[in-house]
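Since the structure of chain A is already known, use the hints to place chain B on it.
There are 2 protein chains.
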Amino acid sequence: MRLTLAVVGVGLLGGSIALAARQRRVAGRIVGCDRSEGVLERAAACQMLDMATTDLALAVAEADLVVLCLPVDAIVEGAFRAAAHCRPGALITDVGSTKGGLVRALDGRLPAGVAFVGSHPLAGSEKSGPEHARADLFENRLVVVTPGAKTPPADVARVMTFWHALGASVVPMPAEEHDRALAMTSHLPHVVASALAGVLPPEWQFLTATGFRDTTRVAAGGLEMWRAIFLANREPLLHVLGRFRARLEEYTAALAAGDAEALARLWLEGKQSRDALG
Amino acid sequence: MRLTLAVVGVGLLGGSIALAARQRRVAGRIVGCDRSEGVLERAAACQMLDMATTDLALAVAEADLVVLCLPVDAIVEGAFRAAAHCRPGALITDVGSTKGGLVRALDGRLPAGVAFVGSHPLAGSEKSGPEHARADLFENRLVVVTPGAKTPPADVARVMTFWHALGASVVPMPAEEHDRALAMTSHLPHVVASALAGVLPPEWQFLTATGFRDTTRVAAGGLEMWRAIFLANREPLLHVLGRFRARLEEYTAALAAGDAEALARLWLEGKQSRDALG
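So the sequence lines, in the order shown, correspond to chains A and B.
Using my numbering, the letters of the first sequence map in sequence onto residues 1 to 278.
Using my numbering, the letters of the second sequence map in sequence onto residues 1001 to 1278.
Derived by calculation from the structure, the hints in this document are not laboratory data.
C-beta atoms are modelled at their ideal positions from N, C-alpha and C, and glycine is treated no differently.
Incorrect hints may appear among the rest.
Claimed, not checked - Not the full set, but computed from the structure, chain A residues with beta-carbon under 10 angstroms of chain B: (1) ALA135; (2) VAL171; (3) MET173; (4) SER194; (5) LEU196; (6) PHE212; (7) PHE244; (8) LEU263; (9) TRP267.
Said to hold, decoys possible - Per the computed footprint, the stretches of chain A lying under chain B, defined by three or more beta-carbons under 8 angstroms from a beta-carbon of chain B, are: (10) 140 to 154; (11) 186 to 193; (12) 197 to 208; (13) 214 to 227; (14) 230 to 239; (15) 268 to 278.
As the list claims (entries may be wrong) - In silico negatives: residues of chain A with every beta carbon more than 12 angstroms from chain B: (16) ARG29; (17) GLU37; (18) HIS132; (19) ALA157; (20) GLU249; (21) THR252.
Isolated chain A, as found in the complex (with noise of 0.2 angstroms):
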């Protein structure tokens, strides 16, 4: 496959898309489109780009895909601008980290001729920008593909095969089923990520180790995309909130109590599951 590709919203996840794509030849022609011109430039900089735009309709009048790489919060919007300029037989996909709200607003909605199946990449960083772009973010990594009850099973194909082409894995799933997992797989720590160093008295920073630093590391990411992503999937977020707040109060009168049976077994079911990620 030698596609035409156009990325719309050229940062880490689209710079990274970029440069996988051309060094594995997945595409032949790559064309970045960003609202910055800054962005542009710095991703001009690390050649990743056949063209760069700021003009959507020009940067996908000639795209077998398009990969929306924007907050959730614009991807529709996003998808129906680009769409209206999209050749017929286009495909669009994202890399949205929900999924339920798109497949409801987009599926078989677009013009005539072109067509959305959402995509999930669970990879990235707590960086940003298109210099900490990775040609290898997608390798080992899963990608969920969540097609709609309109998504024509071939459209579904040619976005799977995309994306293995770029070295992932890829499983299709249904969008709520997508959300209701990724709210507790990433949504939740990023918030008890970021509760956690909320918490912190500014002096005592210089006792923080390892420990504090890698279970808050998340609460790094840009205010933007996770806001975005926290009311995109409020219900299922608020949901395994509740589980992850029960257990705190488990733990907290197991504490009381100097009860050192729960303890015990709190920290064994913790660790049991942490030991089963690998």
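This is chain B only, laid out in the frame that chain A set:
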């Protein structure tokens, strides 16, 4: 300084002390003591000891410095047992993660001529055992030393000099202040990581990425070690758990209300705190 050094408990920390003391020529002779023959054999295989024994009296008889690398609930008894066999002028320290109870039990209470000064190196790993020991474990790490009211300044200086010689920065601090701070910077992250790992349903393990893994890494630590720390530092830990749970309630309320402004404030406070750690 070319000490005769006795390391009691030859796990990850004890083994790293032995390796560092040898490599940096801090000790002329290093004796390792452990109740487990198997641990001593694994330590001996790493060439970190001049003598290995299960006999505490033999291990400490000639020592200038005894470092107790025992679980926090075994240090007081270990110090009294070791002190009974030490020669006059010997100094005992430890590597325990909680300090108030030790200082209250030991400061000025050992046989004449033998002193105790508590230490806590902020270094470690979720791994354990002498085979994971590293000579550079203390380089550029912080060691907190917690003198009691009756500790002679010269003994504090000797312990600080020892840790400096292993490559660490050293700061003296009252034991109670240490325990309040470490409840926040170390013990709370362990409870949080454990609770988060504990609520992950096994069927969603394959949907975890680096965010979940980093946030829960320390949940893989050993049960005996962490349960003893939690119980030894119950009151300060319950206090910071309360602050963390209040913060989660704020997050929950902001999410439930869809309050973008409150979410921004919570996220940015956490991000600012985390960014300050570098």
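Just pull the numbers of the violated hints for me, sorted ascending.
-> 1, 20, 21
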